[in-house]
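J.: Here is what each chain is made of, one letter per residue.
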Amino acid sequence: MKVTDDSGRRIKVWELVLRYTLLLAVLALTVGPFLWQLSTSLKGPTENIYTSPPQFLPGEPTLHNYERVADTIPVWDYALNSVKVATANVVTNCVGAALAGYALARLRYRGRRAATLAFILAMLVPVEGIIIAQFTTMRDLGLNNTLIAVVLPGCIGAMNVLLMRNAFLNLPYEIEEAAFVDGANVWQRFTRIALPSVKGTLAVVAIFAFMGAWDDFLWPLIVLSDPSKFTLTIGLNYLHGTFANDERLVAAGTVIAVAPLIALFACLQRYFFRGVGEGAVKG
Amino acid sequence: MATASRVRRQLPVSPWLFAAPGLLVIGAFVLYPFVSTLINAFTDRRTLIEGEFVGLANFRELLHDDMFWIGLRNSTLYVLGVVPALVVLPLLLALLVQKNIPGIAFFRSAFYTPVVASIVVVGLIWVWLLDERGLVNAVLETIGVGRVGFLSDQWLLLLSAMAVTVWKGLGYYMIIYLAALANVPRELHEAAAVDGAGAVRRFLTVTVPAVRSTMVLVGALSSVAAFKVFSEVYLMAGPSGGPAGEDTTLVMLVQRTGTGLTGRVGYASAISVVVFVITVALMLLVLRADRRSET
Amino acid sequence: MPVSRRKLAAALAVCVVLPLSACGSGDDGGSSDASGKIEGDITFQTWNLRANFKDYFEGLIADFEKKHPGTHVKWVDQPAEGYADKISADAAGGTLPDVVNVSPDLVAPLAKAGLALDLDKDAGQYRKEYLDGAWASHQIPGMSGTYAFPWYLNTGPLFYNKSLFEKAGLPADQPPTTYDELFEDALTIAEKTDGKVATLANVPTVEDFGRYGVPLMNQEGTGFAFNDPKGVELLTKYKELYDAKALDPQALTATPESSGKKFLTEAVAMNPGSALDLGNFKKQAPNLYKNIGITDQITSTGHVNMYVMGVMVNSQTKRKPAAIAFAHYVTDAQRQMSFAKKVAIFPSTAGSLDDPYFTEEDGTDETRVRVAAAKSLKNAVNYTPVLFSEQMKTELRNEVAKALQGKESPKEALDNAVKACDRLLQQQG
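Chains as they are written, first to last, in numbering that gives the first Met the number 0: chain A, 0 to 282; chain B, 0 to 294; chain C, 0 to 428.
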């Protein structure tokens, strides 16, 4: 088999070997810890998980620990809530950040610099210090203990707005100018020309938004009271608080928390990486 | 497209309408709460007790608070330790996965998994790995190095937390670099190769200048994130911040003093304000260094 | 496991001696408030109990609603982590549930902010149903009144690893019973194993100082006093252990969870625990379980340490009679007894500990631990002062660490800790 690079040139064998060696080394480093966790979660109750030297593969693989997780917390209900919250967060962030990013990058109006500054400052605020103020605001809006309240504070992230702004800034002006001459209004230029060109960045924003919502713990905990509305991270915390010493069960819980994200990402990755390349249209 | 739009020439869409949802959200849920933090910084407010105005007393107290200086030291060290690694390593990684060789899509996604996992999960995994009897120490012992107290020594703890931050950040910044690298015209590399430049020289003379602005962006983003570090150190060193609290970072101090039913909201707010001012300064510094090197 | 280790570590209360003499001398003057019509919707919040006791609480609530038609109880349960943050946000935002599961340290600030109902005033008629000491555990120095119904109590033995004792040449059936013996055995084990096996995994906390016989606060409850010679003596001893690696080198960063894990992996020879842990050992570390030794908590005072949980009524509840009735219902003798039979905790109601369940052995380890614990609860003390906040714990922990590292002398460290805690106490207002 002949392996060629993008420009059709043949890659030397030694270079290929070197590349794959490096790739495998990094792979071991990035994925290894997750596999260790997976292996721990599959080990049965009779298997000693503290052996040294470590036992990498479970002796008698079992799904028992996953059953116990499902017995302890309503995993599916919590996962459904997490999916709802994360999906909503993706939609609002993609729409809101694209709109705001476009306004900051392309539209001329007074106060544009101030608006940009507002987003930059928002990115710098240390979140740990403002959580109670956020909660009281939410209560004043009568939204506490709803899934909407979980989504709202992060539904248009400042960081995402700035990412979109940069993506739009990198687009060449000429195309939009041509459309403008053709009589396209702002909205048409945005939806038909600008937006399709930044699909890559949108994919990045979508994944960030999904992760952010899926992984958040403290805010959902504070704003939700009703157990039927809890998200998966809160459920995970039940596991950790209840079975802190049972490494297998905690491992099973972490696998449940991570697996959907990895699956989702694996499905989207082709689009994601192609998009990342496309999104950075030659400026 | 052109024919359709000629009919409705200009919709009355104000630019503000585009920015409004975003501004509203960050205004209501980030900036407004932060303004109340600013005000609280000049009061002695506690979680359940309304405070009184105390002027600069909180800031004066900061100057004599050993823990504040420890926090400032650690947050600064964190920036110094993490940022260079996160500017350089992901770039090298991006170069490694850029070339389309068979199976590369798998490697790209695999390198991204640590980013996808929640920080709590990452914390659980690494505490379990770096434990005195964990996997890493078991390996170190078999190769004769002996066990290392990653999670008990003040400096090793900070280093371990930094390593985890870098580990989790690699894939994230790799993506940003991949996007930037896609912009580097291939002809540049080819010209350099024809000139007989080796891989290292090509990297320094072609790649680095081409992605310089991205490096600045990564530098700015990672330094702000590093200065505000909380989760990694909190999860690995524990809520009280390692032995004798020596691994406490500034944001951990905000959390520790300001939360709970007996939290000193006023004092914690003052620390928050300091963190905010320093991150703004850090951002400006990076951007200015960028402008200077540009000219 | 309702009383997670984290929660045990978080639980605090006033110094209280629990005499088992039934019927205290509570005043019988019930207030009219509590005897109003019991009706309406109330919310009941527990702390990490749903995972294991869903059926118990759903049954309990159904029974209550049947007994008092027209009431409806909504049950919410919160995970172990972040409980104080959750309550803080609710308290600050005015959304505290009507009936809340609390520990004494959580009650104190809520009571000071006027958010906890004074039960002496509104539910004094129930006082005699509880052990005097338990009832007093939710009283706050400097305030009159009692701010939560006592709920379950917990205490436990000291577990030790017989095979590690034997390896160090110590008799496996003669565990240490005094502090001197403990320190001596710990040093022997460390010496014989070249510092590979530690005996203790945790630095001393305020409750350890209490158990060692150190006065924790002054008589008036206005300042801390654990920097007295006795306290310095204990810390000096710990420093000696630390230097000899008889106190685990990772102790400075240990959490109750991590030290439990160390005992499980046989890296540490002793660990405090409860009857609950036995099942854990059996399941997760069968090797350890074969070698498990059980002995009494070591104290210089003759009083073991216990943890107290309480059930508080929100003073701003709109359904005061129903809230009080429900809080009492959850904590009454019948309910506590059936809860205790589900899990290894102990009822705080008068006379319950005399039940055969807590006095008769059947030969199993579980029962042996339970009977011994119930017996020791008769004069147990909740050493941790009710006013000792999370921030104070951190101050003490950090100063203790400095002393162990040799950066400060034990005396300096404790002086500093007392100074910092006193200042925090004043700021609590």
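Note that these hints are calculated values from the structure, not bench results. A couple of the hints might just be wrong.
Simulated crosslink set (DSSO-like; lysine-lysine; CA at most 30 Å straight-line) [claimed, not checked]:
no., chain 1, residue 1, chain 2, residue 2
1, C, 53, C, 65
2, C, 73, C, 53
3, A, 198, B, 98
4, C, 191, C, 161
5, C, 191, C, 53
6, C, 191, C, 238
7, C, 161, C, 195
8, C, 406, C, 127
9, B, 98, A, 83
10, A, 83, C, 406
11, C, 53, A, 83
12, C, 127, C, 317
Remember, predicted model here, so these are calculated numbers, not experimental data.
J.: Hint by hint, note whether the structure agrees.
T.: Against the structure, the hints:
As the CA atoms of residue 53 of chain C and residue 65 of chain C are separated by approximately 18 Å, the hinted pair is consistent with the 30 Å bound. A threshold of 30 Å between alpha carbons decides the hint, and for residue 73 of chain C with residue 53 of chain C the separation of about 13 Å falls inside it, so the pair holds. Restraint check: the Cα-Cα separation between residue 198 of chain A and residue 98 of chain B comes to about 22 Å, which is no more than 30 Å; the hinted pair holds. With a C-alpha separation of about 15 Å, the suggested pair residue 191 of chain C and residue 161 of chain C falls inside the 30 Å cut-off, and the hint holds.
As the CA atoms of residue 191 of chain C and residue 53 of chain C are separated by approximately 48 Å, the hinted pair breaks the 30 Å bound. The suggested pairing of residue 191 of chain C with residue 238 of chain C holds, with an alpha-carbon distance near 19 Å, which does not exceed 30 Å. Of the pairs offered as hints, the one joining residue 161 of chain C and residue 195 of chain C holds, with about 16 Å between alpha carbons and a cut-off of 30 Å not exceeded. The straight-line distance between the Cα atoms of residue 406 of chain C and residue 127 of chain C is roughly 51 Å, outside the 30 Å bound, and the hint therefore fails.
Taking the CA atoms of residue 98 of chain B and residue 83 of chain A, the gap is near 37 Å; set against the 30 Å cutoff, the hint is violated. For the given pair, residue 83 of chain A sits about 52 Å from residue 406 of chain C by alpha-carbon distance, which is inconsistent with the 30 Å threshold. With a C-alpha separation of about 25 Å, the suggested pair residue 53 of chain C and residue 83 of chain A falls inside the 30 Å cut-off, and the hint holds. Annotation: proposed proximity of residue 127 of chain C to residue 317 of chain C holds, straight-line Cα distance about 26 Å (limit 30 Å).
Violated hints, in rising order: 5, 8, 9 and 10; the structure is consistent with all others.
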